Structure formats: structure tokens, C-alpha cells
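Chains A, B, C and D supply the protein sequences, listed in that same order. So for the first sequence, this note's numbering puts the first residue at 587; every next one is plus one. So for the second sequence, this note's numbering puts the first residue at 151; every next one is plus one. So for the third sequence, this note's numbering puts the first residue at 413; every next one is plus one. So for the fourth sequence, this note's numbering puts the first residue at 15; every next one is plus one.
There could be a bad hint or two in this list.
25 Å max Cα-Cα, derived SDA-like pairs, lysine to any residue [said to hold, decoys possible]: (1) D/K54 x A/M737; (2) A/K712 x D/V216; (3) D/K209 x A/D634.
Where chain D lies over chain B, by a calculated footprint (3+ residues, C-beta under 8 Å) [said to hold, decoys possible]: (4) 171 to 182; (5) 185 to 195; (6) 205 to 213; (7) 223 to 230; (8) 234 to 242.
Keep in mind the hints are simulated off the structure, nothing from the lab. All figures in this text were calculated on a predicted structure; none of them were measured in a lab. Think of the CB as a built atom: it goes at the ideal place given N, C-alpha and C, for glycine as much as any other residue.
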Amino acid sequence: MFHLLFYTFTFLTLASALLVVVSRDAVNAAMFLLLSLVGVAGLFVMLDAALLAFVLLLVYAGAVVALFLFIIMLLDTRPGAQKPFQKLTMAAAGLGGALLLLGVGSLHARAQLPAAEEGLAVPSLKAYAQQLFTTYLLPVQVVGFMLLIAMLGVIVLSKRFETAEGGA
Amino acid sequence: MNVGLDHYLIISALLFALGFFGVLLRKNTLVVYMCLELMLIASTLALVAFSRFNGTLDGSVFVFFILTIAAAEVAVGLAIIVALFRKRHTVQLEELNALKH
Amino acid sequence: MPDSNAQLLQLAIATPLVAALFIALGLPKRFSTKLAGVAFAVPALIALWLWREFPAGAGADYAFRSDCDTGLAAFGISLKLGLNGISLPLFVLAGIVGLAAGLYALRSGAERLKLYLLLLLVMHGGLLGVFASVDIFFFYFFHELALIPTFIMIGIWGGRDRNYAAMKLTIYLTAGAMLSLLGLIALYVKSGANTFDLVALREALAADPLRVTTQKYIFGLLLFGFGILVSLWPLHTWAPLGYGAAPSSAAMLHAGVLKKFGLYGLIQIALPLLPAGAAEWAWPLAVLAGVGNVLVVGFITLAQRDLKQMLGYSSVMHMGYCFLGIASLSAVGAGGVVLLMVAHGLSVALLFLLATSIHHRTHTFDLADMGGLARQAPVLAALFVAATMASIGLPGFANFWGELTVFVALWQFSPGITAVAVAGVVISAVYGLRAAARVFFGPPSEQFQRVAAQHPPADIGWGERLPALILLAALLFLGLWPRAVTDGVNRALGRPVAEMVRR
Amino acid sequence: MSNTLLQAIAESNQWWAIGPEMILGCAALGLLVLEIFLPKEQHRHIPVVSILAQIAVLVGVVVNFDTVWKGEYLFGGLILLSDVGQIARVFFLLSSLLVSFLALVCLPRTRMPRVEFHHLVLVVTAAMMLLAQSNHFVMFFVALETVTIGFYILVSYFRDSPLSLEAGLKYLVLGALSSAIMLFGIVLLYGAAGKVTLDGVVHTGFEYPVIADFLRQNPDSFLGLAGALLVLGGVAFKIGAFPFQVWIPDVYQGAPTPVTAFLAVSSKGAGFAVLLVLVLEVFAPLEGVLVPVLSFLAAATILCGNLSALTQRNAKRLMGMSGVSHAGYLLLGVVAAFSVPWAADAVWFYLFTYLLASMAVFGVMAYLAGADDADQELDHYDRLARNRPFLGAVLAIGVGSLAGIPPLAGFMGKLLLFIAAFQAHLYWLLAVAVGGVVVSIFYYFGWIKAAFFETWSPAAGGEAPAGRPVPPAPSWAGAATLAALALATVLLGFYQEPLTSWLMK
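So here's chain A without its partners, still in its complex pose:
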């Protein structure tokens, strides 16, 4: 059962990711991105991180992919004429691919990975909260500022200004 679920989610993740990369239409790509995310969320659950899986779906499926779809519809882009790739790009991609495969291969062969610790409790919501608000309080503050500037940025980039003096 465990194995079956694992391989299903793996397949879902990787196959949809491949389809994101190759699909010609941006809408399809967004839908496959969503599927891929579902696969990753499944893998999260198998790693005892159900909370993260939930957050992932919430943020990505609920916000990011929805935003993508919204923008795609808004812009109403035509599917781009699929030009053949340039030779140089292909060569670079081929080289990169070979290197990556080599990397994955050696990851499998050479990496000394720690064995799983048995009997670990599934981390509770409280444990996450404790970490976030003690050890990682400063990054939380910084992320707060980051969200603020992101919001301001989106306003500055999108709002119509009537006069030269106009503030956002």
C-alpha cells in the first residue's frame, strides 16, 4: 500500500512536471502544475508533514496557480509559434542534462545519507509555532517586511496615476 502510494505520487509529480515543461498552451501548463503540486503534497504526507502538505496546497493551489490562471485569462495570450530551438540552446541543454544525470547518478551512488531515525513523533502544529516564534522570530519579521514591499511593488507597478504628484 505504502509503496503503491509512493510510486503513484512520484509518477504524478514527475509526469505532470514534464507536461508543464512541454505543453504548448499556458493554461494546460498551469493545470499540470497544479497536478504536480498535488503529487508533491502527497509525498509530504508520506513524510509525516501533513501540515506542510496542507499549506502547500493552500498557498500554491489556492493562490499561486489561481493567480497564474487569472493572468493567463486576462492577458489572453495566443499559444506562441513553437520555433525550433537554436542549436546553441540545444547544445547547452544537452550538456546541462548530461551533468544533471551524472549528478543524480552520483547522488544515488556516492552520497552518504543518514539513516532514518525511527520512532520520531509526527511534529505537531505547536512544535512548528514554537520554532517560528522563538528561534526564527527574526526571519519572520523580515518576511513580514518582504511581504510589505511585495505588496507595495504590485501597487506601484499596477495602479494608474492621475497626476505627477500622486502617491499610491
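Following the hints, put chains B, C and D in place on chain A, whose structure we already have.
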């Protein structure tokens, strides 16, 4: 065969690679952006796996930060793409070449 | 403990720089010219005073020492000033030529005179600093300080081809400067002393000389770096072009003084610190390059039809003697080179000055379009002929003693080369006298008659005469009493070079 | 329970230690508050408030330079205060002050809001200061992303101009790519180093000392090496090192001039601050791999930057490519720092001279820029020295210092780096660098030529170059700022005491 850390790592690496090639090969900025998200997700997968197998929670906590950052990045990025589309009426990277001398 | 003479030395370098700063800060033109005049005169007076004060017994040791930390003392870099037997004559040379060039510039009526004077003052300050530095980093630093204004002056006030000339000059001289900088850094690191202080370097290397291979590559860097700066054949092509395009005062200072930087560096730094390296490079490379300077460039000079270009080539050619003198690897040769440097500096500055005065009257540099100017400007003619004779090396002028000493040193090295070098004197006599004859005597050309009808040429006035006379007087003084220079030089060279010659 | 939680928070968070960053953040918020509560006609004073706040923080940091906690882990190991951190703070504050000044010149030409720009500059600067002092990869990544997202917005800030937006998009795609690569590297390091329990406290592989210890014990760990290289790849993107320099010319040209300056100086400075810490402390055990890799990068960066700068005619692109070559020289210093410890100080010295010179040049560019900010050709500098002698002089000093011409500060920076490289026996790299300097003279000189030499003259006939109005005269404050930059550049060339006494503590 037991499902171990290396399985998750290989999935993560493959996902990362797929995203990377998407960024490299695709011309539609929106799709390029989705591929960038794939790369970030790949990292979070590895992070959660490590966190689980190391027995430290820090990795999982980091995922919160990554997700927040990714969401902010998407918001800003899409705002730029929309603003650019209003000016140039395209989202194809190869048509965005006004900055060449 | 800084004595008052050391402070005077600092003052001499600071005066032009501070004056330049004041002009840059927006001093009105009226005051600017006055201030510049003072700032050109002060270093010359101080230089002469220091010459008088120079302790009779001092040679290689530095007098008038002062030390000033600029913040890099931890790296062995600090502003150490002083003069020894070799640098003193060159310091005086810089003072006198600077005074002449400055006086000439004040009366030149150049466009944007304030900027012109500012750059010239910076150049003058740099030149004085070059020869007064005991720290070889500052030696290099002041050289660059003097070099930069040249580029700008050529670019703004230059004559024909100024853009091309300025660009070529900049690239060549930067390449040369970078090579020599690398050589100096190599000395700094390889000596193990981790200091740029020349005295400390000498002590360190005397106690523990570098291996021959190390010496060889460091000397190579310095030889080629300095060689480009001194216009060593075949890396000389920037020089005539640059001098042809440069405004007169810049050409006077550059050809007269600044170009001596490389030779001075070879004598003061490279020879005593790297004797084995010098021996490796001297034959055949340095000697052949020197012969190239004398013969190849000499023949090119013969073919010149443009007065200023001809002067530029002739100055390149005379550098050949200096190189041969250094390559002879003897104290006599090096001493002769110092004397020749001073003499050549004075005479070439005088020639560039007079060439510009000629141009004011003929409105051309083309020798074919001149003739018969002696009738309208007899004093100018007399000065030019005298300067030409000095530059050829006739007895009675300082150049004679310098060339003679170099030939004597060269004879011990190789009689054949000496014969070739002496042939160079004949070449320079031919083109020098021919040019003088062409400009001042003989029938005036049609072109000159036309120009003379529009602007009747007058003889040179005191504004031009005074700087020319200063230079000529210095040439004659040294011609009659060369010991004023050679005594100090001999004492300075006595020890290190004598040791070096026993190779 | 809640008491113990609060206690834990209080014990592990020493907020006053990051006072400068907090004040900047509060000032940034204050700007927004002012914008809401001040009447509209008073809004033009808000940028001045921002500048005053930065000056206050800068003075505070300089005055309290020695009185901060040093060598202690704060926030449970997220932050490490040090002398270098203080120097970095001063660097970023100085740079952001000048960027704010440039914004005062440039922004009124457009109808873009001004307060938000200053707000962004403040937040990004605070994040950079945290980035340079972080001792933990979570802190590092969060701070870095705050900087990066800030830059996405800043680069595309002139959204009326398609060029600015296009530059923003390019920076966005490549910046996000580099962030993703770096993140993967961080994750690998975290996984490789595992956890270490010391005195009952669990330390994870996010902490710099843990990673350094791990790499020392397992120098041939594949995960560790791969992670380190991926992280360094991300940093290489930020500093514009080969082969990640492709984005530089386009983004520099399209971005608003103040942002170009911000990218060129602060972003590069942050990159090198981080690189020095990572390479010399965290990844130091991988020296055997890093030295050849970084040496190659340095050489390729110098060559690539200088050669591609040769053909640029746009002033901003030229600054970009020349900035790439400066990154190469700085990398040379970083490589030298492996065996010559003071080379790291030399890198900082160089960064400060680069700051002064670049800002002087960008200041002149800001005054010369017309309505279209991206259109700044070298031809527009024709007759600058005659029409505006002051701007011409500042430009000459700035460009001269960038070219490394004595007696300007840039030369001293190069000299120190070269001496360090020589002591570290990096001979071939030094040869490349010297060649690069000679090549760079071509284009720097071309710029000076355009401003000073009046290649076109009415007497020679021909068409006058496309009419550009004489640039406006700087206000007294602008002139004073530019003059201070130029003067500092000259003074540092003669007298380095103020900077060295402070760097070499």
C-alpha cells in the same frame, strides 16, 4: 525495497532538473515562471525529506518561509509581466529584445 | 628628525600641487596666473638651494630625508622623500625645465588657460615627486600623476591627429606603466622585505640577493615596462606621434623630464638591486635595442619633413645612447647616462620651446614651407642654432660630456658598438643642422612669404626669451663645469655598480 | 506555559543588537505613515526625511563602531556581529544614501510615486545589512530574497518605459533562477550536515559553523560539495561573475539610473560580503576545489567584462560591463584571501573606492539623462567639459578611479589587490588582470574623450550631433555631494589612513 531518503532526493533532483530545462527552453514567460516554481517545489521536497530523516524540525519550518517567499515572488513577477504586456502585447521572451545594441 | 631642508623638499613638491588645487577650486583667472607663476618659480629656487646644501660627502645615501605615513605603512608603503647623488641633478632638472615650461605657458595665450596651467602644475608636482621619492611606490605614483595630464593636454590642446595620438600614447604608456608596476610589486614580494622603501630594499637584497632566475624575470618586467616609457626601439612609436601633437609646454616637460623616469628607474632601482638580472638582459637584447634607437630611428629622423616630428624622433634617438650607457653595465656608463639625461632634458625642452616659437611665426611645422626666418628673428635663430649644437653634442655644451662618457664606457664593453653609436652623432648632426639651415637661412619659400606678408614675424620677446635663456644657461653651465653633476653621481654609483661590474 | 514561551523568546532575541536595521525598517514604515498623514503639498519633503534617517543611522553606526557585541551569536545563532559586519553596514548605508540622492535627481522627471521608492531602498538596505551579518542559511535566504524581490520592483520601477519593464522581467527570471539554484544548494548542505548536539542543544545544518565543521571532517562529501557549488553559483549571479554576467548589460540599461547604481554598488557589495564569509569561513575546507574554480571564474570574468565593454556605446551598459570586470578583480582578491589573510581587507578597500567612483559617475549620469532614462549614449557627453566643467571634472575623476589611474583611489584598491595576488602566487591570474586593466583603458578613455576632447567642431564642418540640451546645473546640495565624492576619491588616492586605520583593525 524500502522507500528511503535517496528516493525522495532523486525525485527532487529530477523535478529540479525538469524545472531547470523548462526555464532554459521555454519562451513563454508565464510558463518559464511556472518552471521556476517547480524548481522551488523541488527544493522544498528535499527539505522535508531531509528534515524527516534528520529528525530536525528546522527544515520543515524553512518550508514555510520558502512558500511565503515564492508567493510574494509570483505576485511581483506577474505584476511585472502584466505591466509589460500592456506596453508590448507579448509574453514571448524572444520578442522582448528592445534592450540590444 | 626632519630638518628644515627636508621640509623645503616637501614644500617644493607641494607648492605646484596646492596651487593646482586652488585653481581647481575656482580662483579667478587674474590670480591664477600669478599663483601659477609663483608655484613654478618656488620649486626651481628650492632645487637650486638644495643643490648648494647637498652634503659634499653624500653619494648613494639620501639627504633631506623625511617620512610621512599615508595609511599604508603596514604594507611598507609610506611617503619617504630624499635626494641622493643621482636624483639630485634630475630634481634640479625638473625644477628648471618646469620653470621654463611654466613661464612659456603663462605667455602662450592658450585657450582655457586656467585648465592648462592647472594640468601643467600637477605635472610639475608629479615630476618633482618622482625624483625626490625614496619609496619606489611613490616614485611610480608620482610618475603617473605627471603622466595623466599629458593625455588630457594632448586631447584638448593638441595639434594634428590629437585624438589618435592621445589614444595611442595612453595605451602604450599604460601598458608600460603596468609592466613596471608588476616588476616593482615583484621586487616588493620577492625581496621578502615587504616594503617599497628603496633603502630597506637595498639592504635586504645586499644581505640576501635574489636567485638569478628571479632577478632575470623581474629585470625583464622592469626593462620592458620602463623601456616602453622611455621609447625603447621598437616600442617607441607613441613618442614622435605624441610629441608632434602635444602642446609645447607639455612636450617640454614630457620629453625633457618625464621620459627620464624609466632611465632613472633602471639606474637607481634595477641596476643596483638586480645586478645579475641586468647582466642577463644587457647583451644582446638591451644593447641591440639601443643600437636600434640610434641607427634605425636616426635614419627615420633624417627622413622627417615636419619640424616637431623630427624633434620627437631625435629625442627617441638620443634615448638610445642612454640605453647603451646602461647596457654597458659600468659605473662610468651609468654616470654618463645621468649627465646625458640632464643635458638632453635641457636641450630637448629648449628645442620644443623654440619650435613652437617658430610655428607662431611661420604657421607651419613643415620644413619645406619655411626659410629665411633669421632675417626677421635673429635672436630666435641664434638660440635655435645653439640648441641644435647642444643636442648634437658639440663641446662646450653639457651633452658633449654625457655622450663622451657613454662612449668611453661603451668602448670597454664593445668597440664595434661604440663605432655604430658614434655614427649616430653624425646622423644627428646632419638632420639637426639641415633643419636649422632650412628654417632660418636660405631663400624664403612661397608659403612663408605669404604668411609673412599677412603676419609680419617679429623676433621673440622676453616672454619667450626668458625661459629659453634659462635653459641655455643651464646647458652652458654644465658644459663648462660638468663636475657639478658628476661628483655626486660618481659617489652614488661608486659602491653598488662597482660591485655589480665584477660579474 | 505561555510564560516559558515568552521567556524563550526574550532570551533568544536580542533586538538591540540589530538596532541600525530596526531603525531603518521603522523609518521605512514611518515614510508610509507620513505619506498618509501629511497633506499632499508636503509630500516632496518625505524623501528628505528618508535621507536624514539614513544619515542618523550612519552616524550612529560610525560612532558606536567599537561598542557593539562582537563575536557573539545572536538570535540563537542567526546573526553574528563582527568588525566586518560593521564595515558592511557602513558600506550599505553610504551606498543607499547616495542612491536616495540620485533618486531625488531622477524621480521628479517621471510621474512615478517617490515615497515608495525611498521605502524600498530603506528596506532593501536593511535586508542587505542583515544578509552580510547572517550566520545561518535560513536568515541568509530570507534576507537575500527580500533584497531580490526589492530589486525586481526597483528595476521595473519606471513602468512607463517598456525598457525598464523588460529589464525587470529579465532580472526577475534570472534572479529567480539563481535563487532556486542557491536554495537547492542550501537544502543539500542542510541534509549533508545533519544535526549536531552540543550541550543538549540541537544544531542543524543551516548554521554556518556546523557546515564548516562537517566539511572539515568530510571534505569529500558529495552532497556538501554539490551544495557549496550551487550556493556559490547563486552568489556568482548576484555579483555578475562569468558565466552569469549575461543579464548585466540589459538590466543595467533598462533600470532607472538610481537603481542601476544600487545594483552596481550595493548588490555587488552584498554579493562580495557574503562570498567572503562563505568562502573563507564556511566552505574553507573545500579550498582544493574552490581555488581553481574561483580562479577560473575571476580570469573569465575579467576578460569577458573588459572585452564586451569595448563595444558598448551606451553609458549604462558600459558601466555594467566594466562593473563585471571589477567583479573579476575583486574575485582575484577573494582567491588571494585563501592564503593571504589581509586580502579580504583589500577587497573591502576596493569596494569602498568602487562605491565612491561609481556613485560619482552615476551622479553625473543622473544629471545628463534626458526624459528617456535608458537612452544614455556616450555621444551625449560631447562638450560636457565645456558646458558643465564641474560635471566634467567629477566624471573624469570617477571614470579615472574606475580605470585605476593613479593618483585616484581606484588605483590604490587595485594595487593592494595585486600585491595580495602576488603574495598568493597567482601569477597567471595577475597577468590576466593586468591585461584587463590595459584593455579597460580603451573604453574608459573613450568616455573621457567624448566629454573632453570635442571631436566634433564647427570648423571641421559636418552635421552637429543630435541636439541635446545642456544638462541642468546641479543644485547646491547635489553639487556638494558630487564634489564630496570626487574629493574623497582624490584624497583616498593620496592618503589612505582614514580607510585603512578602520579596515585593518
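(request) Compare the structure with the hints numbered earlier in the document and write down the numbers of the violated ones, lowest to highest. (result) none
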